[in-house]
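These two chains come separately, so use the hints to put the complex back together.
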Amino acid sequence: MFELFNSQVAVENIGPLLGGLLLTVELTFVVITLSLVCGLFVALAGISRLAPLRWLVRTYIELIRGTPLLLQLIYVYYVLPEIGIRLDAFTAGVLALTLNYSAYISEVYRSGIQAIAKGQHDAAGALGMTRALAMRRIILPQAIRIVVPALGNYFIGLFKDTALCSAVSIQELVFTAQVHAALNFQYFTLYTVVAAMYLLVSFPAARLVNYLERVTKRGYRRRRA
Amino acid sequence: MNTGSRPMVEVEGLHKHFGELHVLRGIDLSVAVGEVVCIIGPSGSGKSTLLRCINHLEVAEQGRIRIDGELVYRDEVEGRFRAHSNRAIAAVRAQVGMVFQHFNLFPHLTAIGNIVEAPIHVLRKPRDEARRRGMELLAQVGLADKAEAYPEELSGGQQQRVAIARALAMDPKAMLFDEVTSALDPELVAEVLTVMRDLVRRGMTMLVVTHEMNFARQVANRVIFMDHGAIVEQNTPERIFGSPQEKRTRDFLKTVLER
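Protein sequences, first through last, are from chains A and R. Per the working numbering, the first sequence starts with residue -7, numbered consecutively. Per the working numbering, the second sequence starts with residue 1346, numbered consecutively.
Just so you know, the hints here were simulated from the structure itself, not pulled from any lab data.
Negatives, chain R to chain A, calculated, CB over 12 Å:
#1 L1416
#2 A1535
#3 R1567
Stretches of chain A that chain R covers, calculated by requiring three or more beta carbons in the stretch to come under 8 Å of a beta carbon on chain R:
#4 107 to 115
#5 121 to 127
#6 131 to 140
#7 206 to 213
This structure is a prediction, so every number in the text was calculated from the model and none was measured. Heads up, the beta-carbon is just placed ideally off N, CA and C, and yes, glycines get one too.
Here chain R stands alone, though its shape is the one from the complex (with noise of 0.2 Å):
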């Protein structure tokens, strides 16, 4: 993989409480142009709200994100946080595609209906223009017969590989995978995980939180291990998985590889 050392996510001293726990103990991370990184680690270990504060879907009460070399979000005006506006923060959010666990589609549109409502009102793409876009991302994703469908019409693996599709429409600098594949069927995750290999071959840059072991074993340049707010280890899929550091790495693996 061909991997640029310009960083395109940056995340520097990243605190995170709800109410009385402490979920983000100071992180710091940055991944690559082009790299791919898997985040695993026990639930409640705050891989799923790092993920949500790089997007904003959380906010953080300390810490700073660059996407693509700019602060994003907030400035910080002699140790104050100043927000940026609400227009500001939705354009940072516009170039950093996100997919979630529940898959999250509108089930009042269409699979290519989802996936044009963004670059239509957000990025003013022209509508048959956007369209045209959305169909081939459709089929890239293997998909080109479901566009008309609704959601509640596809199978699980169907709606998140739509999902993914709508993602990709907004033709973001990074994509973020918030356990994508956890709440399908087992037999239902092989069909998106082969979505998500195929954009790391088209070189996206990915910061995957999964339990996939072997996704992040056979994709990953970098896997972290967090765990209780922190990031434990992290190198490569070869040494995390062949000789951790840490031994709460290794209990860690040891429970979920053993199942």
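Isolated chain A (complex conformation) (with noise of 0.2 Å):
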């Protein structure tokens, strides 16, 4: 009898898909760690006292926001190698996804930055601390808590457009999918399975998104037992 899903062929594919899912992750993890670090310091460029900084954060921001993600990893991974930077396919899917997504949490902590009251700045400076000083040790620690939920919530956009740097050749999940369904013709049964791994990592993980929102929402008290 005819059958959408083969569970046969389920089981059969699973060790490579699982292999997939494993660079999807990884991917995800490079990415997001590059990120978080590079798009801070993007944010604090964009707020710079030095006007040129500041046009040139608006200007890449501007650039990566105005393009398809699609476009930005076909860019690194085929253009750059006519002007000679040659990267292998992992290394142009982190540069560009880095590169998009610096942009967007750069502007996702700009805003946290920009949400603190000015009375922790007028506070700040008038126990002496310095701009640089107050930022980190007043500013940054509340503006980051504010943006974690938006941040996790990149964080779980990001594990799904991974999928996209199946386009440059990087045997991710949906690339690894692609390979065995043009073997084996068994479509629903495989992109069934890719979903459900899909899933299974980002359902947990908007919980767990969900959960920090209310944390975070709770505001400053002690922890009791």
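In structure tokens, the structure reads:
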């Protein structure tokens, strides 16, 4: 009898697909780590007192926001070699995704920094803190706490966006499924397993973000036993 | 009160605009070491702006400020201002304590954390020394048991007392108080004023912008009445409250004291 979901095919392909999932997760963690760090520096540069630095950041952000991520990936992988910059697929993927996510995440940080009341800057300044010290000790700790839920959502978004890396032949989850489906034509089975794998990771991650949202809304209080 | 004649805070010819608004119109003021000066006046008279200029929270377009005899924040070279380095400005601000109307405690730090933050990171005091001094100051403002509480777990009066302790932790040469009881529920005002009276007894140089006329009457060495960005009248509290010379002072006192 004809069956849409062929469990034997699913079992046979689970190994390679799990390998793809592993690469997807790896890509996600590498890119989010880099983007959280780079995004912070971009945000700080964007509110710098040096006007040229601010313009540079604005240009970069508008460039990234105004073009599709898929195009950015293709650009880094296929176009850069023409000017002599040749990167392997994984590095190209990491670079393109990091450039993209750093831009968006920097805007998240910026909104968090700007959400801190002026009185906090006043108090820090009146205590003799320089702008940099006040930023590091007073403003950023509060701002980052505010933006943790938003960053969590970007994290989940990135996990799914890594699928675009299949276009530059990184053997992540979707790419692996494409390769195997081209051999056995079991589209339904393979892509259903792939969807299940994405959900298996992103659903708990979304719950975690919800939890973080509740925690950060609670305000600053002593931990009670 | 034993007030020396040596000036601690001096302001000379201070002018400040907010856009079209001329909020300070040539302020001259000198506060001696150990002196307590209260500034009163209607809202919008420039009292708070004057205080904020003294602590460089606002930058005046014209005029000079001296702290303990030193010209601060900028030099004047051939009639043109040259701002001091950010580091030099920060060093001066570290010597002048400021307490705000809305407390402005750091919400992510505990009471003691708020107090030791600047001594550790600005004055580079050892952590345990800063903490020991911080606990003393918390005891001084009557909050020894609240060291580990976060600001939002404290009442407004308690928060303001922590804010005073935080400023005192820098061993300031002078303290600036900017309407520090105005945001408090009436029943919480007294505890903050008690702490301030205690500071007066300890000989702190204080410049206090306030609406608390009784406080001004009882503890000030001198009361200044400001209106429309200028000092209208200044005198001992007895004279200002007993026999004000200027009509504007009389009108103002009439409205506030009749409430």
